[in-house]
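Student: Sequence:
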Amino acid sequence: MTGKDWGERIPAGKSVTIGFNGTQGTEIGNEGELSAALLFGTDNAISTISPSNEESPGNADAPSEPVAEPIVETPPMTPPMTSPMESAMTPAMGEHGLGDHGMNHDHSMQQASESGFTDINIWGSFHDSNHNSEHNELVGGRTAITTEALLAYNGLRDFAGLAPVDIEAIGAWAFENKLTNNSQAWGNDLQGVGLWFAMQGAKVGWIADASYDPQILADIQRTARLGSSGDVMQMVEQFGHEGFADYLTTNQLEEHFINTLKMEPHYGGWMHARTHGFLSIEGVAIAHDIHHLTVLGWDQNEPFMNDTFDWPQWPALDVSDNTVINYYQGIVELGDPLSKNLENLSGTTPLISSTDSKPSLNPSPSDPGTVQPDPLTGSPLEIQVSGDLWEGGFTVSMNVTNQSNQSLDDWGVSFISTHQFYGESWGVDVSTQELGDGLYRYELKGADWAQSLAAGQAMTVGFNALSGEELSGDGSLTSELLMASGTELTLL
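Here my numbering = 1-based position in the sequence shown + 38.
By construction, these hints were calculated from the structure, which means they are not laboratory data.
For glycine and all other residues, C-beta sits at the position ideal for the given N, C-alpha and C.
Don't take every hint at face value.
Derived CB-CB ranges, DEER-like [as the list claims (entries may be wrong)]: (1) Gly-57 - Asp-196: 20 to 28 Å; (2) Gln-495 - Asn-360: 25 to 33 Å; (3) Ser-358 - Glu-429: 19 to 27 Å; (4) Pro-202 - Gly-524: 40 to 48 Å; (5) Thr-525 - Glu-293: 46 to 54 Å; (6) Leu-473 - Ser-358: 36 to 44 Å; (7) Asp-486 - Glu-429: 41 to 49 Å.
Taking lysine to aspartate or glutamate and the DMTMM-like style, the derived pairs with C-alpha atoms no more than 20 Å apart in a straight line are [as the list claims (entries may be wrong)]: (8) Lys-483 - Glu-214; (9) Lys-300 - Glu-320; (10) Lys-216 - Glu-320; (11) Lys-216 - Glu-462; (12) Lys-483 - Glu-508; (13) Lys-300 - Asp-257; (14) Lys-483 - Asp-467; (15) Lys-483 - Glu-462; (16) Lys-300 - Asp-356; (17) Lys-483 - Asp-448; (18) Lys-300 - Asp-251; (19) Lys-216 - Asp-251; (20) Lys-483 - Glu-472; (21) Lys-300 - Glu-340; (22) Lys-42 - Glu-71; (23) Lys-300 - Asp-269; (24) Lys-216 - Glu-206; (25) Lys-483 - Glu-429; (26) Lys-483 - Glu-420; (27) Lys-216 - Asp-426.
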C-alpha cells in the first residue's frame, strides 16, 4: 500500500488512519476485531518503504529513523445491540454481554452505570486509536461520554422546536454527511457515533451565532469541570441563544447540560477510530480538525487543541468562526454541516414558510427557499443549496427536507441554469435539456437511497457541474450562482 490523497503525506510526529475492505481468503470467523496476525498471517508481516528525500540528496548515506509498525484498525463485526435509551434503563451492564465483545473497559464505565446512563464503551472501545491521550483523558475534571449527553442534545433540539431523535438517527446522519472514518456503519457504529456527535452538538450548538468565539468552549468546559454550576449558567445566559438558560432551568436540564460539558471527546477512542471525518471545510481543514474545538489544552485554557493536549489543531485555526458554529449547529439540526442551521434561533425567517406566500429561490445557504407546495399533500418540499466552487466548475449539495406528514416517493425538482452537468451525481438522477442561449433545464429526481423521503426526513444529494460563466464569491456555491437569473426552483 502507498499513501494517496490526504494520506499521501504524514508530518513528523503525526498519524493518519487509512483502510480498505477485503474478503476472507481463509475462514477467520465473523465476530470480533481484525488483528495484524489475522490480516497478514503473522504478527511481523509488515514491511515499510523508505520515503525518498528529494530535498536532501546529500544525506543518502545518513541512517534513517526506524518506522513504527502501523496499527491496524478495522470495524468490529459484532451484531447491533439495543438502543441507547433501552440500555440506559438497564442498570446492569452485564446484561449486554460485555464479555463477549472483547472490549477494553476501565473503572469509569462502572461509575457511568451507577449514574443510570450508558457508557459509550459499551458499543466499542478503541484505545489503540487514541494512544496519545488514552491514559490522561479523564484528568482535570474530564469525564466519560455517556447517554446523558443525549438528554442535553434533545433538550437543545426541543428548545429549537425540533423533535427528539435517538442516537441511531444521529449516527446515520453522520455517515450520510461524510463525518466518519468509514463510508458505512459496522456493528454498533451507529450507536457510538450517534452518541459522540450528540455530545458535540450539545457542547457547542447552544451558542448564539453573533456571540460565538472558540474561547467560549475552553472557558465553559473548564468552568464546568473545575468551577461552579452557577458560573456555567451565567456564561450560558451571556453567550447562548436568547432564552436558552431559562429553558434549561425550567426543564430541569441544567445538570445534564453541565455534565455533558465535562465529557472528554477523546474518551474511548471513538474520536479517531470512528468519527475522524474527512469532509473538506473551506478547503483548509477537514471535519476532524473542527471536532478538536472541544479538546482543550492541559490547563484547559485553550480550545482546538490536539491529541496530547499541548499543541493546537493547526488547520482548524484557519476556518472562519461562522463556518465552525454553523457546523456544530448542523449537528443539532441534522442538516447540511456546511450550511447555516438553527436560523430560527437567530432572528431570521423560520424554515417552514406559509403556503400562501410566493415561493422563492435560495439566495444563499442561510436563507432556505421553499419550492411550490406538493400538489398532493399541500406541504412544501424544502431545498437548501450549498456547495464548493473549484476551477472551471463546482460541486452542488442540496439538502432536501420533506415538510409533509407523509412519505414522498419519486420526488423531483427542476430549475434552469447556465452551467453544464458534469456527469457525476449522488442521490439523484440528473437529466438536462439544452434551451439555447447558453441555458440548460435541469430535472433532478431522487434515486437509490434518496428516492423516497419519509415525513420530516432530510437528505443531502448533489452533483458536479462545469461553470458556464466565471463565478465569483468566497468559494461557496449559492442558489443565485447555480440558477439562471429570474428563474426559480419548481417541483416535478
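Student: Could you run down the list of hints and mark each one as holding or not?
Tutor: Results for each hint:
1. For Gly-57 paired with Asp-196, a C-beta distance near 37 Å fails the hint of 20 to 28 Å.
2. For the hinted restraint 25 to 33 Å between Gln-495 and Asn-360, the CB-CB distance of approximately 27 Å keeps it satisfied.
3. A C-beta distance of roughly 21 Å is found between Ser-358 and Glu-429, which places it inside the suggested range of 19 to 27 Å.
4. Checked against the hint of 40 to 48 Å, the C-beta distance between Pro-202 and Gly-524 comes to roughly 42 Å, which is consistent with it.
5. For Thr-525 and Glu-293, the hinted distance range of 46 to 54 Å is satisfied, since their beta carbons lie about 52 Å from each other.
6. A beta carbon spacing of about 37 Å between Leu-473 and Ser-358 agrees with the range 36 to 44 Å that was offered as a hint.
7. About 29 Å separates the C-beta atoms of Asp-486 and Glu-429, a value inconsistent with the hinted range of 41 to 49 Å.
8. Taken as a hint, the Lys-483 and Glu-214 pair is honoured in the structure, with Cα atoms around 18 Å apart against an allowance of 20 Å.
9. For the proposed pair Lys-300 and Glu-320, the alpha carbon gap of about 29 Å is over 20 Å, so the pair is violated.
10. Using a Cα cut-off of 20 Å, the hinted pair Lys-216 and Glu-320 holds, with the two alpha carbons roughly 15 Å apart.
11. Of the pairs offered as hints, the one joining Lys-216 and Glu-462 holds, with about 17 Å between alpha carbons and a cut-off of 20 Å not exceeded.
12. The straight-line distance between the Cα atoms of Lys-483 and Glu-508 is roughly 28 Å, outside the 20 Å bound, and the hint therefore fails.
13. The suggested pairing of Lys-300 with Asp-257 holds, with an alpha-carbon distance near 12 Å, which does not exceed 20 Å.
14. In summary, the hint linking Lys-483 to Asp-467 is supported, as the alpha carbons are separated by about 5 Å, within the 20 Å threshold.
15. A C-alpha spacing of about 14 Å is found between Lys-483 and Glu-462, which places the hinted pair at or below 20 Å, so the restraint holds.
16. With a CA separation close to 26 Å, the supplied pair Lys-300 and Asp-356 exceeds the 20 Å bound.
17. At roughly 7 Å between alpha-carbon atoms, Lys-483 and Asp-448 fall within 20 Å of each other, so this suggested pair holds.
18. At roughly 19 Å between alpha-carbon atoms, Lys-300 and Asp-251 fall within 20 Å of each other, so this suggested pair holds.
19. The suggested pairing of Lys-216 with Asp-251 is violated, with an alpha-carbon distance near 25 Å, which exceeds 20 Å.
20. Distance check on the hinted pair: Lys-483 and Glu-472 sit about 18 Å apart at the alpha-carbon level, within 20 Å; holds.
21. Under the criterion of a C-alpha separation no larger than 20 Å, the hint pairing Lys-300 with Glu-340 is consistent with the structure, at around 15 Å.
22. Taking the CA atoms of Lys-42 and Glu-71, the gap is about 25 Å. The hint is violated against a cut of 20 Å.
23. As the CA atoms of Lys-300 and Asp-269 are separated by approximately 14 Å, the hinted pair is consistent with the 20 Å bound.
24. Simply put, Lys-216 and Glu-206 have alpha-carbon atoms about 16 Å apart, close enough for the 20 Å limit, and the pair holds.
25. Pair hint Lys-483 plus Glu-429 does not hold up; C-alpha atoms about 27 Å apart against a cutoff of 20 Å.
26. A C-alpha spacing of about 14 Å is found between Lys-483 and Glu-420, which places the hinted pair at or below 20 Å, so the restraint holds.
27. Distance check on the hinted pair: Lys-216 and Asp-426 sit about 15 Å apart at the alpha-carbon level, within 20 Å; holds.
Violated hints, listed in ascending order, are 1, 7, 9, 12, 16, 19, 22 and 25; each of the other numbered hints is respected by the structure.
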